[in-house]
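Sequence lines, in order, name chains A and B. Heads up, the first sequence is in our numbering, so the first residue is -3 and it goes up one at a time. Heads up, the second sequence is in our numbering, so the first residue is 132 and it goes up one at a time.
Hints in this document: simulated from the structure, not taken from any laboratory. Each hint should be verified, as a subset may be incorrect.
As the list claims (entries may be wrong) - Some residues of chain A that are not near chain B, with every Cβ distance over 12 Å (derived): (1) M13; (2) D33; (3) A36; (4) K39; (5) K114.
What the hints assert, rightly or not - Heads up, simulated EDC-like pairs for lysine to aspartate or glutamate below, C-alpha to C-alpha not over 16 Å straight-line: (6) K(-1)(A) x D33(A); (7) K(-1)(A) x E205(B); (8) K86(A) x E205(B); (9) K91(A) x D358(B).
Claimed, not checked - Okay, the calculated beta carbon distance ranges per label pair: (10) Q88(A) x K610(B): 16 to 22 Å; (11) E539(B) x D67(A): 41 to 47 Å; (12) D67(A) x G579(B): 53 to 59 Å; (13) D361(B) x D67(A): 41 to 47 Å.
A virtual CB, placed ideally from N, CA and C, is assigned to each residue, including glycine.
Below, each chain spelled out in residue letters.
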Amino acid sequence: MGKTIMSVDDSVSVRQMVSFTLKEAGYDVVEAEDGKDALAKLKGSAVNMIITDLNMPNMDGIEFIKNVRADSALKFIPIVMLTTESQDSKKQEGKAAGATGWIVKPFKPDQLMTVVKKVLG
Amino acid sequence: MDKHAEVFKEEAYEHLAEIETALLELEETPDDTDLIDCVFRSMHTIKGSGSMFGFDDIAAFTHEVETVLDFVREGKIGITKQLIDLTLLARDHIRVMLDAYEGGEPADEQTTKQLIDSFRSLIPEGERKEEGSGSDSSPSPAAAKEETATFRIQFCPHTDVFGKGANPILLLNELRELGSSRVVAYTEAIPELEELDPESCYARWDIFLTTSKGVDAIKDVFIFAEDDCDITIDAIDVLSEGDPDKEKEYKKLGEILLERGEITEEELQMTLSGQKKIGEILLDAGLVNEEKIESALTEQEHVKEQREKKKSVESATSVRVASEKLDQLIDLVGELVTAQAGLSQTASRKQDPELVLISEGIERLTAELRDNTMSIRMLPIGTTFSKFRRLVRDLSGELNKEIEMSTEGAETELDKTLIERLNDPMVHLIRNSIDHGIEIPEEREAAGKPRQGTIYLSAVHSGAEVLITIKDDGKGLDKEKILKKAVERGLASPNAELSDKEIFSLILMPGFSTSDTVTKVSGRGVGMDVVKRSIDSLRGSIDISSEMGTGTTITLKLPLTLAIIEGLLIEIKNEYFILPLSAVEECVEFTQKDRAKANGKRLLNVRGEIVPYINLREQFMVEGELPEIEQVVISTVHGFRVGFVVDQVIGEHQTVIKSLGRAYKEVEGVSGATTLGDGTVALILDAPKLLQLVEQKEESLSLA
Chain A
-3 MGKTIMSVDD SVSVRQMVSF TLKEAGYDVV EAEDGKDALA KLKGSAVNMI ITDLNMPNMD
57 GIEFIKNVRA DSALKFIPIV MLTTESQDSK KQEGKAAGAT GWIVKPFKPD QLMTVVKKVL
117 G
Chain B
132 MDKHAEVFKE EAYEHLAEIE TALLELEETP DDTDLIDCVF RSMHTIKGSG SMFGFDDIAA
192 FTHEVETVLD FVREGKIGIT KQLIDLTLLA RDHIRVMLDA YEGGEPADEQ TTKQLIDSFR
252 SLIPEGERKE EGSGSDSSPS PAAAKEETAT FRIQFCPHTD VFGKGANPIL LLNELRELGS
312 SRVVAYTEAI PELEELDPES CYARWDIFLT TSKGVDAIKD VFIFAEDDCD ITIDAIDVLS
372 EGDPDKEKEY KKLGEILLER GEITEEELQM TLSGQKKIGE ILLDAGLVNE EKIESALTEQ
432 EHVKEQREKK KSVESATSVR VASEKLDQLI DLVGELVTAQ AGLSQTASRK QDPELVLISE
492 GIERLTAELR DNTMSIRMLP IGTTFSKFRR LVRDLSGELN KEIEMSTEGA ETELDKTLIE
552 RLNDPMVHLI RNSIDHGIEI PEEREAAGKP RQGTIYLSAV HSGAEVLITI KDDGKGLDKE
612 KILKKAVERG LASPNAELSD KEIFSLILMP GFSTSDTVTK VSGRGVGMDV VKRSIDSLRG
672 SIDISSEMGT GTTITLKLPL TLAIIEGLLI EIKNEYFILP LSAVEECVEF TQKDRAKANG
732 KRLLNVRGEI VPYINLREQF MVEGELPEIE QVVISTVHGF RVGFVVDQVI GEHQTVIKSL
792 GRAYKEVEGV SGATTLGDGT VALILDAPKL LQLVEQKEES LSLA
């Protein structure tokens, strides 16, 4: 049965590209535009994995990851963060907040799928 | 990617507008940190998205601006009129660069350089660092090394590893994919049930892996989990190409434990002088525990096995067995599986603990026996691949083309029947590649390709399936031509919006051929749909992807065995049926109200999506009252979501398929039958065929 992945990013173009790639591979996708939106949507649908940007308005990625890990219903969901190479320190912050893994922007669709397979099986 | 580029451009213009507004406001209120964040974020998004969709010049330039803005955010650079002016200029420049993509004047190189220099000069002295390229990249496939080596990997996840969303099993699976391996689990740290915290990980593992992919590939597996686990990787045996006589026996158990530091030299010597087997003695003396011995023994066995495998590749001991005897054996095993299912059911119903224990034991043995017998029928696909070499050679010669065949995964094993039945479809697909795909050498040269074309065959296991790929670097499929031909022949509606995958799948429909000339080899439009039917009958699927000028890739996905099916057991008025699980997505409830809502059309609203459904009671002409609440099983058939309405969904059921026998061969919609644990017969439904039948019926009704 299909798995659902949540894509959180304030950039519409990135969200679209991630959604498109994941849907082509057979996953269902829930989109959110920032941490706050994502948390609200997590209450509504069961999600097997989260891919999130770090820089977002209203609630940024790090804050969002902390909130997810604090919720007992969500704390074991694998979370992958999107980082840019100039944000290496953010990567450490993200891991400390509870992120499972990361993907560096820019990335190609098959790099995304490699990480999804790694973290979701 | 074009449509993403469009969205990016729109988005970028919006961000640029926001940046301008924010900067002007910032000039009035330089202390407003929200505004600074806003400008930074917009620049960051333009940079990130720009690099994703190919706008590298914009990304590189914006990066310089973003770096400075980051320092502003941290308070290391103050907001001055100069900064605001410069940032506004930069914003304008980015806009010019964007406009250039819309057909405007290209941006001036000098201006770009000047602006970048100005920004760089704003960076405070102590913060200037070398612009190194990001050293961390996302996990990517590691380069394959030639040498096969055996590694001992000690994998100990920290107790809180689950809290990072990590799953050690997935890591073990990834390791297993790198080569042949054995895994030993250490359970010593797992506390009693009362003290056990289900959110913590207490287990650790030793993995012995023989792989040709090198130690980097192993490290890559753990790339995310590095900080949350203790990992040690040691090379323990390198299977070199050397003289087998020179190879001494692998380390003895005592040596291995000594090497690992589990025992001392003295302890080893002391115990060696005893009579019992060293493992027992060490255990008795309390010097090591059982698990450590098991792990060391496993290491020893694994390496011995790998070495033997290498030596005996040619001289494998084998026995010839008549096919019928094998078939009989499989039948018997199938019966055993069914009988055992009945035993399990009865045992759990009677709730007799002794019986349950025995029945579980039998269940384990039966499963092993089943897997074992299935594997007897498995043959490596390599021989089939080799046959094709001849075909490629002869055919390419006939057509005056230069074509080479390369293969991967020849050792992948498939069920014997599967291999036989795959032969014809694969021949057809390869012929197509050679005939219609790969161009003549002159054409290829003119297109900048090497004279010699390549047909690439590969076979690989993926979960419970096997994927066979036929790839060529020829001229690819012409989407437009295919769509046109399909519309001409009434196979597709002219207004339909089809994805690339769907367009390519059109060539699999009967009566389709875009070949202008019919050669004696192919092009008569009879081949591809026959291929599709063959693959369908094997319960597999075909995926076609292609790029004009670059080539075409056809992927065949097939279940590992034809004899066993994973299905969903459903019930309609006390009759049982099975729907193959591979197609099933979800089940939803279906009440009288839902039925009424659709106004006579058989449509269902599932989370905002319209899904057509087939009422199986109607189809099978089952009489009687409808139950209050029915269930709809939603499947994907040929890429479309369709629902099947049933009375009850019982659950997942793995079982042996029996064919219906000659008398029922012509029955459509049912692909076989199976017996349930208590002896009841359940029919296995053929979802695609059912869908087709219903569609045909509706069409004929509407024409009448």
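**Asked** Among the hints numbered above, which are violated by the structure, and what are their numbers in rising order?
**Response** Structure breaks hints 1, 5, 6, 7, 10, 13.
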